[in-house]
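Trainee: Protein sequence lines, in the order shown, are assigned to chains A and B. Counting in this note's numbering, the first sequence runs from 1 upward without gaps. Counting in this note's numbering, the second sequence runs from 315 upward without gaps.
If you're looking for bench data, these hints aren't it; they were derived computationally from the structure. One thing to keep in mind: the hints can contain errors.
Selected chain B positions facing chain A (Cβ under 7 Å, derived; list incomplete) [claimed, not checked]: (1) N416; (2) A417; (3) G509; (4) F634.
Far from chain B, by Cβ distances over 12 Å, these chain A residues were calculated [to be verified]: (5) A2; (6) T12; (7) P115; (8) R116; (9) Q117; (10) D120; (11) D131; (12) H136; (13) R166; (14) E212; (15) D258.
Quantities reported herein were computed from a predicted structural model and do not represent experimental measurements. For each residue, glycine too, the CB sits at the ideal point set by N, CA and C.
This is what each chain is made of:
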Amino acid sequence: MAFNHKNLIDITEYSSDDIMMILKTASRFKSVNERRIKKVPTLRGYTIVNMFNEPSTRTRSSFEIAEKRLSCDTLNFGGSSSSTVKGESLVDTIQTLCSYKIDMIIVRDKHAGVPRQIADTCDIKVIDAGDGKHQHPTQALLDLYTIWEHKGSFENLNVGIVGDIRHSRVCGSLVPALKIMGCNVTLIAPATLMPARPDIMGVDRTTAKLDEVLPDLDVVYMLRIQRERLEDAPFPSLREYSMLYGLNKEREHLMKPDAIICHPGPINRGVELDSYMADNPQRSVILDQVYSGILVRMAAMYLLLGGVDDGISA
Amino acid sequence: MASLLKNARLVDPQVGLDDIADVLIEDGKIAKIAKDIQADGVDDVQDLTGKVLMPGLVDIHVHLRDPGLEYKEDIESGTRAAAHGGITAVCCMPNTNPTIDNAVTVEYVKSRAEQVGRCRVFVCGACTKGREGKIIAEMGDMVAHGAVAFSDDGSGVQGAGAMRRVMEYASQFGKVIMSHCQDNDLVGEGQVNEGAASTRLGLVGWPAEGEELQIMRDIALSRLTGCPLHIQHITTARGLDLVRAAKKEGLEVTCEVTPHHLFLSEDDIGDDYNTNLKVNPPLRTKDDCNALIEGIKDGTVDAIVTDHAPHADFEKAEEFERAPFGMTGIETSVGLVLSNLVEPGIIDYAEMVELMAVNPRRIIGVAPVKLEAGNVADITVVDPNVEWTVSVEDFESKAVNSGFIGTKIKGRATHTYVGGKAMMIDGRVI
């Protein structure tokens, strides 16, 4: 089966077959990551630029490890060394990078739409590592991978996402990705944290009442609450947020016995999750998500750079 | 210098004219309108068979960017673009650098337009000094030097108290206050319409209510102060309902729409994040577009304007959230109106003249221009049959940030005369 994508920017451009191909490829990369020498020559000779124009530790580290394990050459570009800080335009920066004859750009930017702008500027492969409040497709893929591993399939799985959906690029990709795979999606948040039109994301249900829907959920996906913004805050206090939307020991009796808990990290302990839930060996799959991130990023880079789904050894 | 414009269909509802005849122009005025005027001794004879000749069209919402932002547009290029679009007069907005908020800057624009302009330029001064929404600008002095209206276009006057003072003070001059309606506390960093577009694109929403609340406020203040009010670039169905009700009540309230809010919607902003479609107020829903067209049909909409907002290419090449708001429009509005409103029979030529010539002049309080002997010869001629595609190469403006590039249009302006002087002949700006 052919993988016909040049970029991983908008998850809605991917079919369920495309997504399954990435997940299956990711599972084959597991063996690489469990050897003593965790490296294969698969992408030797390819050059990938990690262009992170806003601070990122986790996503960037995950991409870097994935790149290193595939033996490609990498350049980290951005942050304080970013040309945009010096007044160079995005288009000029991209054209400069492309003149280095690189093969792929992994881009994180605080502005929505930047990955598409890059892809439209140069003939180069682009992976969106998070653009503004728009999308974060590799996060969605690693979430799907984790859910798949734990639940075995997606069909009619009830997934609830709790928290700051309006400002979440994770949701921008995760909600459509879950729908593509056949899940039922419930968004749980106060109206101040809901997007204007959740219906166009394909959402099945929205509610402000976590306790009413918790008993239905197979997967409870807790979003991180931004502690930073206090002015114009969408809720009165972290205390009240935690009372209404925090997943804690007191709420466990409402959950299905086999319901799992996801979180994109980093966790605010005591806000969206208490330690009992965050560390719960039966329910929390948060560290599995982190590991899945390496696998799906290796798979995405490999497939976009022309790999086939059955020949990982290259 | 005389010109003879032969065989066009002449349309002017002000004098009940809709007939094929010739127009003789002498000494800047219309000397005669009749059938088969002889061309003896006339230097400039134009055969306008198949074309439609109307009173010179006016665009009362234009950014000429001069003084201070000449890299985007200047008075020469902006008025050339106007002529190219079939416009014989513009009213330019004061958000320049420095702001047009005193007599000196009003005089600058007028004298520069006098020297290099390809159309008439009426000046809209700022309501408040520096458009900061605080201290009333020297409106009296600006009026004495020819300002025709006042607006803090681009941002609007935020405080209701400040807007009340502006309208109370302005009421003594009999000039209209033009209002850019945007409640900043509600709109914040809004980029696109709050709704489908903001959700789909992950951008901060610019809610319809951010516009409607200030329309409501300014109508109340017009009632309170007696000052005439003109709502600029109205975009929503409910906003239009507010204006409709104000008119019914008998208030001196008018409004304008732009071709981009009529013919483009939030659905046109695709995954390519085309920054030319980033405008303020934002493109709204398809239902809003339809409501605006209804407003044109029932007379709630007084004028079609462009909010021609030129920007340099490198500014519009920035990230969507960093790129400036606004698109150009003065070279495409006549074509879009002919194509999308006149051709399908939504309005007729007489109504087009009302919307683009008669009402705009009445709103800014300048003398009407009529197709009758003795009147000043400000004239626009359009060819309703020419088919063309909007392209970057075709613009006279310095800027190319049109949201209609690639759009197929039927009909465009071919000739303009201002004070009897040809500014465009056969589509070529003189």
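Trainee: Take a quick look at T12(A) and tell me if its Cβ sits farther than 12 Å from every Cβ on chain B, holds or violated.
Mentor: About 9 Å separates T12(A) from the closest Cβ of chain B, which leaves it inside 12 Å; violated.
Trainee: May I ask you to check that R116(A) keeps its beta-carbon over 12 Å from the closest beta-carbon of chain B?
Mentor: 6 Å, violated
Trainee: Does the CB of A417(B) sit less than 7 Å away from some CB of chain A?
Mentor: Since the shortest Cβ distance to chain A is 37 Å, the answer is violated.
Trainee: Please verify that the nearest CB of chain B lies beyond 12 Å from P115(A)'s CB.
Mentor: 10 Å, violated
Trainee: For E212(A), is the shortest beta carbon distance to chain B beyond 12 Å?
Mentor: Holds: least Cβ distance 24 Å, greater than 12 Å.
Trainee: Would the least Cβ to Cβ distance between D120(A) and chain B come out above 12 Å?
Mentor: At roughly 6 Å from the nearest Cβ of chain B, D120(A) sits no farther out than 12 Å, so the non-interface label is violated.
Trainee: Closer than 7 Å between Cβ atoms is the bar; does F634(B) clear it against chain A? Give me holds or violated.
Mentor: 5 Å, holds
Trainee: Quick check on the hint: N416(B) CB to chain A CB, less than 7 Å?
Mentor: Where the cut-off is 7 Å and the nearest Cβ of chain A is about 33 Å from N416(B), the hint is violated.
Trainee: Just want to verify: H136(A) was marked as not at the interface with chain B; is every Cβ pair farther apart than 12 Å?
Mentor: With a cut-off of 12 Å, H136(A) comes too close to chain B, as the shortest Cβ separation is near 10 Å.
Trainee: Is the nearest Cβ of chain B still more than 12 Å from the Cβ of A2(A)?
Mentor: 23 Å, holds
Trainee: Checking the smallest CB distance to chain B, is R166(A) really beyond 12 Å?
Mentor: Nearest chain B Cβ is 9 Å from R166(A), so the label is violated.
Trainee: Report holds if the minimum CB distance from Q117(A) to chain B is greater than 12 Å, and violated otherwise.
Mentor: About 7 Å separates Q117(A) from the closest Cβ of chain B, which leaves it inside 12 Å; violated.
Violated hints for the displayed structure, listed by number in ascending order: 1, 2, 6, 7, 8, 9, 10, 11, 12 and 13.
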